[in-house]
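> One letter stands for each residue in the lines below.
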Amino acid sequence: MRTLTVLGLETSCDETAAAVVRGFPPGPGEILSDVVFSQLEEHRPFGGVVPEIAARAHVELIDGIVARALDEAKLTLAQIDAVAATAGPGLIGGVMVGLLTGKALAVAAGKPLVAVNHLEGHGFSARLATGVAFPYLLLLVSGGHCQLLGVEGPGRFRLYGTTIDDAAGEAFDKTAKLLNLPYPGGPRIEILAREGNPARYALPRPMRGREGADFSFSGLKTAVRQLIQNNAVETVDVAASFQAAVIDILIDRSAAAMAMFRRDFPETAEPAFVVGGGVAANGAIRAALADLAGQEGFGFAVPPVKLCTDNAAMIAWAGIENAALGRFDPLDAPARARWPLSHEMP
Amino acid sequence: MSDRILAVDTTFGACSAAVLEGGRVLAHRCEIMQRGHAEALAPMVEAVMAGAGLAFADLHRLAVTTGPGSFTGQRVGLAFMRGLRVALDKPLIGVTSLAAMAAAARAETGCAVAAAVHDAKRGEVYLETTAGHAAAVMSVADAQAIVAAFSSMALAGTGAALMALPHATVTNILAPDAVWVARLAGIAPDTEAAPRPLYLRPPDAKLPAAVR
Numbered sequence: 001m002r003t004l005t006v007l008g009l010e011t012s013c014d015e016t017a018a019a020v021v022r023g024f025p026p027g028p029g030e031i032l033s034d035v036v037f038s039q040l041e042e043h044r045p046f047g048g049v050v051p052e053i054a055a056r057a058h059v060e061l062i063d064g065i066v067a068r069a070l071d072e073a074k075l076t077l078a079q080i081d082a083v084a085a086t087a088g089p090g091l092i093g094g095v096m097v098g099l100l101t102g103k104a105l106a107v108a109a110g111k112p113l114v115a116v117n118h119l120e121g122h123g124f125s126a127r128l129a130t131g132v133a134f135p136y137l138l139l140l141v142s143g144g145h146c147q148l149l150g151v152e153g154p155g156r157f158r159l160y161g162t163t164i165d166d167a168a169g170e171a172f173d174k175t176a177k178l179l180n181l182p183y184p185g186g187p188r189i190e191i192l193a194r195e196g197n198p199a200r201y202a203l204p205r206p207m208r209g210r211e212g213a214d215f216s217f218s219g220l221k222t223a224v225r226q227l228i229q230n231n232a233v234e235t236v237d238v239a240a241s242f243q244a245a246v247i248d249i250l251i252d253r254s255a256a257a258m259a260m261f262r263r264d265f266p267e268t269a270e271p272a273f274v275v276g277g278g279v280a281a282n283g284a285i286r287a288a289l290a291d292l293a294g295q296e297g298f299g300f301a302v303p304p305v306k307l308c309t310d311n312a313a314m315i316a317w318a319g320i321e322n323a324a325l326g327r328f329d330p331l332d333a334p335a336r337a338r339w340p341l342s343h344e345m346p
Numbered sequence: 001m002s003d004r005i006l007a008v009d010t011t012f013g014a015c016s017a018a019v020l021e022g023g024r025v026l027a028h029r030c031e032i033m034q035r036g037h038a039e040a041l042a043p044m045v046e047a048v049m050a051g052a053g054l055a056f057a058d059l060h061r062l063a064v065t066t067g068p069g070s071f072t073g074q075r076v077g078l079a080f081m082r083g084l085r086v087a088l089d090k091p092l093i094g095v096t097s098l099a100a101m102a103a104a105a106r107a108e109t110g111c112a113v114a115a116a117v118h119d120a121k122r123g124e125v126y127l128e129t130t131a132g133h134a135a136a137v138m139s140v141a142d143a144q145a146i147v148a149a150f151s152s153m154a155l156a157g158t159g160a161a162l163m164a165l166p167h168a169t170v171t172n173i174l175a176p177d178a179v180w181v182a183r184l185a186g187i188a189p190d191t192e193a194a195p196r197p198l199y200l201r202p203p204d205a206k207l208p209a210a211v212r
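Protein chains in written order, with the UniProt record's numbering: chain U, 1 to 346; chain F, 1 to 212.
A portion of the hints provided could be inaccurate.
Below, a list of computed lysine to any residue pairs in the SDA-like style, where the Cα atoms sit at most 25 angstroms apart [to be verified]:
id: 1; chain 1: F; residue 1: 90; chain 2: F; residue 2: 190
id: 2; chain 1: U; residue 1: 74; chain 2: U; residue 2: 51
id: 3; chain 1: F; residue 1: 90; chain 2: U; residue 2: 331
id: 4; chain 1: U; residue 1: 306; chain 2: U; residue 2: 109
id: 5; chain 1: F; residue 1: 90; chain 2: U; residue 2: 306
id: 6; chain 1: U; residue 1: 174; chain 2: U; residue 2: 219
id: 7; chain 1: F; residue 1: 121; chain 2: F; residue 2: 169
id: 8; chain 1: F; residue 1: 90; chain 2: U; residue 2: 64
id: 9; chain 1: U; residue 1: 174; chain 2: U; residue 2: 109
id: 10; chain 1: U; residue 1: 74; chain 2: F; residue 2: 90
id: 11; chain 1: U; residue 1: 74; chain 2: F; residue 2: 162
id: 12; chain 1: F; residue 1: 90; chain 2: U; residue 2: 71
id: 13; chain 1: U; residue 1: 74; chain 2: F; residue 2: 190
id: 14; chain 1: F; residue 1: 90; chain 2: U; residue 2: 227
id: 15; chain 1: U; residue 1: 306; chain 2: U; residue 2: 134
id: 16; chain 1: U; residue 1: 74; chain 2: F; residue 2: 169
id: 17; chain 1: F; residue 1: 90; chain 2: F; residue 2: 193
id: 18; chain 1: U; residue 1: 74; chain 2: U; residue 2: 38
id: 19; chain 1: F; residue 1: 121; chain 2: U; residue 2: 51
id: 20; chain 1: F; residue 1: 90; chain 2: U; residue 2: 67
id: 21; chain 1: F; residue 1: 121; chain 2: F; residue 2: 162
These are calculated hints, taken from the structure and not from any lab test.
Put together the whole structure using the sequences plus the hints.
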């Protein structure tokens with residue numbers, strides 16, 4: 001069976017990462033190494049990721065992390081089929097560091113380069129994990145994104161819905177900040193919510209029931225702020241009520257997108273509903289979305305938590321998906337701060 | 001010395017790459033650009049290697065400017081060359097952008113001493129001289145005091161005009177050239193460690209007003 005071995009680099013936010021993955025579409029793939037260095041401590045004093053500090057850390061770290069990833073995979077660059085590096089979207093200073101490192105490795109080893117869309121990395125990670133077949137419906141929920149997409153292959157996406165303001169992960173982090181939870185607060189909400197009463201506070205569910213599948217979270221965030229500022233609140237109950245609102249929004253919008261997907265792909269008998277991005281690490285959200293998929297006759301696939309947060313294995317896998325189709329990029333490929341997933345014309 | 005060196009620079013308003021053998025230029029490219037270094041660098045390196053008729057394995061050394069410069073520009077060159085260093089297992093020598101500019105200015109003018117002065121805005125300059133003043137950020141007045149001590153000197157950099165020095169020979173060198181980066185690296189001692197960026201200013205990041 002034909003396989004490809006690809007080295008992936010990821011530097012688009014505050015994780016410096018490199019990984020080596022082997023496999024072939026539709027997957028699953030074999031992760032030969034997966035090295036992630038989180039810059040959490042560097043940014044903690046600022047209560048958020050500072051782009052210049054992130055870029056300064058990436059350039060000091062990425063070469064050593066690449067060497068370690070190759071080492072752990074027991075491979076040399078000569079044994080790699082291609083180099084895949086995140087080329088956006090993300091914090092541009094960091095993206096440039098990873099992309100330039102990737103270009104250097106490619107040109108030095110005489111290997112092709114894949115300039116990977118980070119969102120495509122998240123979007124295909126379920127194929128790396130379990131080998132889900134195209135087409136599928138993807139809910140991409142992270143600190144920077146909240147989108148529902150029909151996924152047909154590399155560079156082939158149908159946008160069903162996107163957030164018109166904040167991303168879901170952003171709403172989690174901002175709510176955590178309002179509750180004075182230590183940075184990064186998003187994951188702590190889930191832990192606190194387990195102890196709280198989700199019906200204690202009435203919070204809005206913006207866009208629910210609206211036509212289309214777009215999201216909005218800023219109204220929810222404002223409601224949480226007003227609730228906390230004007231009342232002596234129980235932290236665990238705020239966390240539980242907030243998380244319940246987010247789940248209701250995600251369920252409603254995902255159900256709407258499922259109908260759109262059915263209309264576009266009527267021949268796909270049991271399509272998969274795939275969830276990717278950092279928010280997919282939230283167990284309560286995963287469980288609720290799995291229930292929805294079951295009710296609507298969709299298969300459900302969510303990658304393991306380690307593949308949901310930013311990592312380089314998913315970038316290497318996106319490299320494999322593109323390389324398998326002969327989709328490579330020239331050495332002058334740009335780093336992009338913004339790079340929406342789009343449906344390319346054939 | 002017959003060392004073959006590949007050098008690049010992306011710190012200021014130019015992007016350049018050069019391959020030298022024993023001090024002789026085998027291939028050289030230089031483009032003036034304020035932005036676009038991240039796109040231009042890799043094809044330019046490929047072009048100079050092809051122009052020199054060399055494979056990467058034929059190189060003995062790599063060289064790069066570490067800064068000062070635009071923060072992004074510094075990292076473009078360093079990320080790329082540190083990547084090459086890991087891929088090729090060759091020593092990578094770091095040279096300051098100002099040292100490369102000052103060396104070029106001295107050679108061009110025949111002056112005994114040269115200074116590179118970059119206008120860093122906010123009333124400050126980055127300055128380095130060939131007479132032992134290491135790269136530093138300082139007020140325009142402090143820089144003027146340093147260069148005034150020399151009876152004649154060559155000046156390079158966007159801040160040269162700010163020095164108001166009647167006895168200076170002002171060159172039109174505004175950015176390093178990889179040829180001089182290679183020449184300085186050729187006479188530098190070998191180093192095991194990877195060079196790090198030389199930032200003369202801290203990141204623009206403020207701690208939150210209400211730090212808990």
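> Look at each hint and say if it fits the structure.
So, going through the hints one by one against the coordinates:
The suggested pairing of residue 90(F) with residue 190(F) holds, with an alpha-carbon distance near 10 angstroms, which does not exceed 25 angstroms. Annotation: proposed proximity of residue 74(U) to residue 51(U) is violated, straight-line Cα distance about 33 angstroms (limit 25 angstroms). In summary, the hint linking residue 90(F) to residue 331(U) is supported, as the alpha carbons are separated by about 22 angstroms, within the 25 angstroms threshold. For the proposed pair residue 306(U) and residue 109(U), the alpha carbon gap of about 29 angstroms is over 25 angstroms, so the pair is violated.
Using a Cα cut-off of 25 angstroms, the hinted pair residue 90(F) and residue 306(U) is violated, with the two alpha carbons roughly 34 angstroms apart. Taking the CA atoms of residue 174(U) and residue 219(U), the gap is near 12 angstroms; set against the 25 angstroms cutoff, the hint holds. For the given pair, residue 121(F) sits about 23 angstroms from residue 169(F) by alpha-carbon distance, which is consistent with the 25 angstroms threshold. About 15 angstroms separates the Cα atoms of residue 90(F) and residue 64(U), which keeps this hinted pair within 25 angstroms; it holds.
This hinted pair does not check out: residue 174(U) and residue 109(U) have alpha carbons roughly 44 angstroms apart, beyond 25 angstroms. A C-alpha spacing of about 20 angstroms is found between residue 74(U) and residue 90(F), which places the hinted pair at or below 25 angstroms, so the restraint holds. Note on residue 74(U) and residue 162(F): the hinted pairing is violated, with a Cα-Cα distance of about 55 angstroms set against a maximum of 25 angstroms. At most 25 angstroms may separate the alpha-carbon atoms for a hinted pair to count; residue 90(F) and residue 71(U) meet this at roughly 18 angstroms.
Straight-line distance between C-alpha atoms of residue 74(U) and residue 190(F) comes to about 28 angstroms, which puts the hinted pair past the 25 angstroms bound. Restraint check: the Cα-Cα separation between residue 90(F) and residue 227(U) comes to about 60 angstroms, which exceeds 25 angstroms; the hinted pair is violated. For a cut-off of 25 angstroms, the pair hint linking residue 306(U) to residue 134(U) stands: about 23 angstroms separates their Cα positions. This hinted pair does not check out: residue 74(U) and residue 169(F) have alpha carbons roughly 57 angstroms apart, beyond 25 angstroms.
Distance check on the hinted pair: residue 90(F) and residue 193(F) sit about 11 angstroms apart at the alpha-carbon level, within 25 angstroms; holds. For the proposed pair residue 74(U) and residue 38(U), the alpha carbon gap of about 23 angstroms is at most 25 angstroms, so the pair holds. Under the criterion of a C-alpha separation no larger than 25 angstroms, the hint pairing residue 121(F) with residue 51(U) is consistent with the structure, at around 22 angstroms. A threshold of 25 angstroms between alpha carbons decides the hint, and for residue 90(F) with residue 67(U) the separation of about 14 angstroms falls inside it, so the pair holds.
Restraint check for residue 121(F) and residue 162(F): the C-alpha separation of about 11 angstroms stays at or below 25 angstroms, so the hint holds.
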